[in-house]
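Undergrad: Residues per chain, in single letters:
Number of protein chains: 2
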Amino acid sequence: VDITELHFAQRMNGLTGSAIREIFKYVSKPGVISFAGGNPGAFALPHEDVARISGELLRSQGKTLLQYGATEGYFPLRESLVGYIEDTFQARFAPQEIVITSGSMQGLDLLCKALINPGDVVLAESPTFVGALQCLNAYQAQVLPLKCDDTGIDPDHLEEMIKTHHAKMLYTIPTFQNPTGITLSLERRKRIAGLAAKYGVVVAEDDPYHSLRYTGEALPSIKSFDTSGWVVLLGSFSKVIAPGLRVGFMAGSEIILRRCVTCKQCADVHTANLNQAIVDVYLRQGLLTPHIRAILPGYGARMACMLEYLSTIPQIRHFTKPEGGLFIFVSFDEDKDVAALFNAAIGKGVAFVPGSPFYPEGGHKNTLRLNFSSASLEDIKRGMDLLNQYIQTSMS
Amino acid sequence: VDITELHFAQRMNGLTGSAIREIFKYVSKPGVISFAGGNPGAFALPHEDVARISGELLRSQGKTLLQYGATEGYFPLRESLVGYIEDTFQARFAPQEIVITSGSMQGLDLLCKALINPGDVVLAESPTFVGALQCLNAYQAQVLPLKCDDTGIDPDHLEEMIKTHHAKMLYTIPTFQNPTGITLSLERRKRIAGLAAKYGVVVAEDDPYHSLRYTGEALPSIKSFDTSGWVVLLGSFSKVIAPGLRVGFMAGSEIILRRCVTCKQCADVHTANLNQAIVDVYLRQGLLTPHIRAILPGYGARMACMLEYLSTIPQIRHFTKPEGGLFIFVSFDEDKDVAALFNAAIGKGVAFVPGSPFYPEGGHKNTLRLNFSSASLEDIKRGMDLLNQYIQTSMS
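So the sequences go chain by chain: A and B.
Each residue of the first sequence is one higher than the last, beginning at 1422 in the numbering used here.
Each residue of the second sequence is one higher than the last, beginning at 1422 in the numbering used here.
Keep in mind that the hints are not guaranteed to be accurate.
All copies of an identical chain are treated as equivalent in the list; a pair is satisfied when it fits inside any one copy or across any two copies.
[Claimed, not checked] Only pairs whose alpha carbons sit at most 16 Å apart, straight line, appear in this in silico EDC-like list of lysine to aspartate or glutamate:
#1 Lys1619 to Glu1426
#2 Lys1484 to Asp1470
#3 Lys1619 to Asp1423
#4 Lys1619 to Glu1581
Hints in this document: simulated from the structure, not taken from any laboratory.
Just chain A, with the same shape it has in the complex (with noise of 0.2 Å):
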């Protein structure tokens, strides 16, 4: 029987690979400016602590962390995580009450496999992160789009939403949302909090830009406001130490967690315990806290830079004005289609992500994502130069 006659699973005929990876062959290439991923500048990543780090966990307890751990995460970091959540999310753990995982993307992927059955109904931003989408499309969920505005998800929308279609899950970015940027505001991760425990609907809870705040107060987590035990924080060290690493966390209730963990098991057994010891120590030493308030002004500075060029450009509908994460959001008349802008950008040496693949529903050709984070000032400068050109001739 020819190989070519093999029929993959059902659940990968929505599943063609993202669009956005594809983009990254071109974005790799030297001399491009990327304004595609949504990678941490290379200023941001503490390699010289990290190998320290490594260096001496390595010698001194070396045949440990070489050997099998526990599938539930290192305990040390576990523990430390209670008070790095607690500060940071506003939300209290017991250590059992959190979950090393390789990456806040295997958190939802997790939560997926214990909770969602075929043609289960979640409901998302619209637009949303893209691997989310993918993710939960693997597990056949059925992705309703939400209603959102410039403080997020409506949350008389997402009532209706819940009640209609009998949601059993909410996946939500409340801060410096991916691809807008947008943050819930405070009324409204309050109402969905007793939403979730009124309708008894799981909150996954994705929160990994939450420290990359340029501007304005810092809110507390859906989480915090959760009596019920519904929502699940799910977080990362990706965009505050390292993406490489690949290690992030899920909190909250057991009872959904032990589920998780089981699934993990039979994942990946347990995240390497190297990686979850650098964190570890990183957070144990205190550098966390120095190292982003150290970030956070060459962030700010390019997301700033990148809002005032974005102010002079008349052919654009909207854009959205975070005061924090890694993405811009940008939208034209409704007649246009971004194709041709993003053909001859990428021509010329200059990347962004086409707005259309973050919808659930699709459409939507008029709009981009902008990353501020990857390349340096002097860069967006010049890609925002070259980019204004290009719309100049072909989106008006």
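Let chain A serve as the given structure and place chain B on it in line with the hints.
TA: Frame of chain A, contents of chain B only:
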């Protein structure tokens, strides 16, 4: 709504968490002699080389390694695996036909995600690796047991089972199988590759113990006889370098691997770069072959010691005589149950794993698995003395 009213996904019904993982609670207590796990001995973990390599890597290319990486894997490692796989498994691949996974368990998970619909028939050795059974159950595969003897799967029975049940996949551990230690003969390897092509059955060839051979001649992989693309080789560095690093690989047809990569995108995005680069440099510096050569005598002596002891216990009806790997499988008379022996031994600080959970069809309460890689030679003698005492009282 109270959180206890949460409904989990149907796939969780058959997934109660590994009975074996429960045993590990006892095993981690100080002073316990463990024949229970599959852990490498502490002497076999090259922590000094890993510490040196890790330091060099983070100093010379820290920024790159801490950044996001490709889902397919760190390209230098995919390149160096070409030679490694050819030398070890006698199978040739291009780098594009090799994908790095977070341990070989993830390879099976990705294969299942890409291929298995609920109810699909997967054939497996009986008994087989309990983690693989859990993984297959999570995808609601119907796992059917295959007859095996002391040279592995009976190929006539395999062919009959493929035809009768329209099997989608064969999961096999051909070399020093877990839990039996048995190795599939050369003739049967050829025959299985042929059956895969004839009937269009995917073979997941899981071969993590391949290099741990203490006597006899190395055999080529099933994959080495595959001209059709239906065999996927799953490999791991957990048993020859360090399980804590979580680095494995899958090698096979790009038609299959492309879909697995899509699944990995929304599982853990990519395997941690530092861990991949450590394995890459370990291979490129030629450290693996001498390391394996150095650890084989220690493992071989432990196995020989345990085998000799087993031959002196008259109540044991059968035990396997492996040429390598980590495990020996022991059977008592069919009317016996190892439960009482297990409890008595645990009470005195000796742990093993009952055989029943390894059988897709259950039963076989008269069997148990012994691991000889984790305890020292002295502890093996002490532990076997204790076990023998309880066998004399509880199994006679």
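Undergrad: Against this structure, judge whether each hint is valid.
TA: Comparing the hints with the structure gives:
1. For a Cα distance limit of 16 Å, the shortest separation of Lys1619 from Glu1426 across copies, 12 Å, qualifies, whereas the shortest one inside one copy, 49 Å, does not.
2. In this homomeric assembly, Lys1484 and Asp1470 come within 16 Å of each other (Cα to Cα) only across copies, at 12 Å, whereas the closest approach inside a single copy is 21 Å.
3. Taking the shortest Cα distances, Lys1619 and Asp1423 sit within 16 Å of each other only across copies (9 Å), while inside one copy they are farther apart (53 Å).
4. Proximity of Lys1619 and Glu1581 under a CA criterion of 16 Å is satisfied intra-copy only: 13 Å inside one chain copy versus 54 Å between copies.
Comparing the model with each numbered hint stated earlier shows that all of them hold.
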